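S.K.: Could you build the full structure based on these sequences and the hints that come with them?
Number of protein chains: 2
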Amino acid sequence: MLQFTEIEAAAARLKGIAHRTPVLSSRTLDALLGATVLMKAENLQRMGAFKFRGGFNSVAVLSEAERARGVVAFSSGNHAQAVALAARLHGCRATIVMPHDAPALKLAATRGYGAEVVVYDRYREDRAEIARRLTAERGAALIPPFDHLPVMAGQGTAALELIEDTGPLDALIVCAGGGGFLSGCAVAARHLLPGIEVFGAEPERGNDMQLSLARGEIVTIEVPRTICDGQQTQAVGRQPFEVIKTQVKDILTVPDPVVVEAMRFAFERMKQVLEPSGACALAALMHHRERFAGRRVGVTLSGGNIGIARFVALMNGDEAVD
Amino acid sequence: MLQFTEIEAAAARLKGIAHRTPVLSSRTLDALLGATVLMKAENLQRMGAFKFRGGFNSVAVLSEAERARGVVAFSSGNHAQAVALAARLHGCRATIVMPHDAPALKLAATRGYGAEVVVYDRYREDRAEIARRLTAERGAALIPPFDHLPVMAGQGTAALELIEDTGPLDALIVCAGGGGFLSGCAVAARHLLPGIEVFGAEPERGNDMQLSLARGEIVTIEVPRTICDGQQTQAVGRQPFEVIKTQVKDILTVPDPVVVEAMRFAFERMKQVLEPSGACALAALMHHRERFAGRRVGVTLSGGNIGIARFVALMNGDEAVD
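Here the protein sequences line up with chains A and B, keeping their order. The number in the working numbering is simply the position in the first sequence, starting from 1, with 251 added. The number in the working numbering is simply the position in the second sequence, starting from 1, with 251 added.
These are computed hints drawn from the structure, not numbers from a lab. Keep in mind that the hints are not guaranteed to be accurate.
Same chains, same label: a pair holds when it works inside one copy or across any pair of copies.
Once the Cα atoms are required to be at most 25 Å apart in a straight line, the calculated SDA-like pairs of lysine to any residue come out as [what the hints assert, rightly or not]:
hint, residue 1, residue 2
1, Lys266, Leu444
2, Lys266, Ser276
3, Lys266, Thr279
4, Lys496, Ala319
5, Lys500, Gly568
6, Lys500, Arg320
7, Lys266, Asp281
8, Lys266, Gly418
9, Lys496, Pro419
10, Lys266, Arg547
11, Lys496, His351
12, Lys496, Arg362
Remember, predicted model here, so these are calculated numbers, not experimental data.
M.R.: Here it is, written out as structure tokens:
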């Protein structure tokens, strides 16, 4: 079970390396929702998402001998870039297993951080099997994207910083995929503010965490059809779920069109670029505003890695998932 | 001639009312340009641009009796919203003279701040004449957009804050239209750092300030055809020019496509939304990078008021000015 002391230790490792991202607020949003909203701008984090925190912490906790053998991760998203950058900053080798049809921009960005990219055919090959083979062959350490204590502890530093900067909050809404970010933030927030209510936010079409929390056991779903590509996980991780089932008040689900509206609001009124999953917690607050009226609410803006072409397609409704 | 003490007085008036906007940096940008770039994010200022500083200061310096008679401004852009919001915060009446074909969004935003909007036909009527009539009829105070010491002093507080936060800079690049922002920032910067080189940035198609500085007298040009709608001034203001001709090192001009590239970079790498004029100083740095290699350079990101539709059109090249 994740302990607060591990989050504090992660914060010490990240100090001066991760950005202490700003807390944003919007008078227009507060008036719209009738609440005081304090947003942790992790879209301004290094490599554009909170994932850097967990990736860096995971490489930092390895021994020098382990780091000398390199690290391996499988991801088509922000975790890939997080581990690649974390490895480069530690002067160690990273191998990232990505699907052969991953966007060229993401392949290039991951290579740009100095990682070796191993591509696989997502319809014919098992990426976990490939990663296991690579770790066995090379003796490299596998850095899982969420079901891993050093990742959870690293991600939790975002909530630690937020609360240090804002003071008391009544509620905190964190976007949820595999649960690494949500569990880390829940432990940090409830240690600092025992009375705080922590909520996860997930796309309506991919509500596995809501189902898992309701049943008290991990529910696995089909790969969800949602624009929130950072949250297309099929099941919450085992270690995150241990935290979530006791520390999280509820899971808020959000339809994709509300996520698009939150992205639009962030662009036009806050001048911030958010990727769909990065806007999910804000969208959850907008969609469930009656639960938060009159309250002081922390929200994570978790990432901003979206190219202009996809942003435009989403705003035009061209990429709506039917 | 604008004095530094007036900027300090403006800073005291704005304290707790204007946002102390963050200073952004980008490792990618620094690597690309071979310089250390520190960006003052005035796109995150209230009403989305630095103009709030000068508008608020101009209303604040009026006597109570003057404010009771209200204020008038003519503007189709950010100055309109700045004066409207400043008046509302002072509990006084604002009348804004805007062209009848101004974007509906801007008309609505100005009305949204509680101002009365008087529309005129820009092809048949003289807006300055209309504003003069309104000020005469109502005894209201006219707040000019740039050729006005309280506006210049207010805008200069952006450079004051930047340098307080960054420490020494070798150069500062400020976007330039009528010269209110540039002159205010030049006085602040050169008072705090006498050795600093201050540059103005203007669109290549609207280089009146470059011509004026070269000839030592104010040159008037046709309304420039540029995407930088915040800089379509025909001539620098008289009082700003008094400062600029002694305190500004040079004017850097920028082709429109480079402005689009700077907006794209800000979106994709910095997750920031900038309007064209808001990206002009960054574009100038990119376009004239060889002059700034190895130096520590301050840059203003002056505004972010752009709707998604126009942003998309600019990215697609649909709104290129031939």
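S.K.: Using 25 Å as the alpha carbon limit, work out where Lys266 and Thr279 are close: within a copy, between copies, both or neither.
M.R.: between (33 Å within a copy, 20 Å between copies)
S.K.: How would you label the pair Lys266, Gly418 (within, between, both, or neither) given a Cα cut-off of 25 Å?
M.R.: both (20 Å within a copy, 21 Å between copies)
S.K.: Up to 25 Å between alpha-carbons, please classify Lys266 paired with Asp281: within, between, both or neither.
M.R.: Between. Shortest inter-copy distance 21 Å satisfies the 25 Å Cα cut-off; intra-copy 31 Å does not.
S.K.: Within, between, both or neither: how does the pair Lys496, Pro419 come out at a Cα-Cα threshold of 25 Å?
M.R.: within (23 Å within a copy, 51 Å between copies)
S.K.: Regarding Lys496 and Ala319, is the shortest C-alpha distance of 25 Å or less found within a copy, between copies, in both, or in neither?
M.R.: neither (37 Å within a copy, 59 Å between copies)
S.K.: At 25 Å max between alpha carbons, let me know whether Lys266 reaches Ser276 within a copy, between copies, both or neither.
M.R.: Cα proximity of Lys266 and Ser276: in one copy and across copies (24 Å, 17 Å).
S.K.: From the Cα coordinates, with 25 Å as the cut-off, is the pair Lys500 and Gly568 best called within, between, both, or neither?
M.R.: For Lys500 and Gly568, the Cα distance exceeds 25 Å both inside one copy (33 Å) and across copies (48 Å).
S.K.: Have a look at Lys500 and Arg320 and pick one of within, between, both or neither, based on CA distance no larger than 25 Å.
M.R.: This pair counts as neither: shortest intra-copy Cα distance 41 Å, inter-copy 53 Å.
S.K.: How do Lys266 and Leu444 come out at 25 Å by Cα distance, when the copy is not named: within, between, both, or neither?
M.R.: Result: close within a single copy only, 22 Å intra versus 31 Å inter.
S.K.: Evaluate Lys266 and Arg547 at a C-alpha cut-off of 25 Å and name the case that applies: within, between, both or neither.
M.R.: Intra 27 Å, inter 24 Å, cutoff 25 Å: inter-copy only.
S.K.: 25 Å Cα cut-off: does Lys496 pair with His351 within a copy, between copies, both or neither?
M.R.: neither (36 Å within a copy, 58 Å between copies)
S.K.: Is it within, between, both, or neither for Lys496 and Arg362, if the alpha carbons may be no more than 25 Å apart?
M.R.: The answer is neither: 37 Å in one copy and 48 Å across copies each exceed 25 Å.
Consistency note: the structure conflicts with the earlier hints numbered 4, 5, 6, 11, 12.
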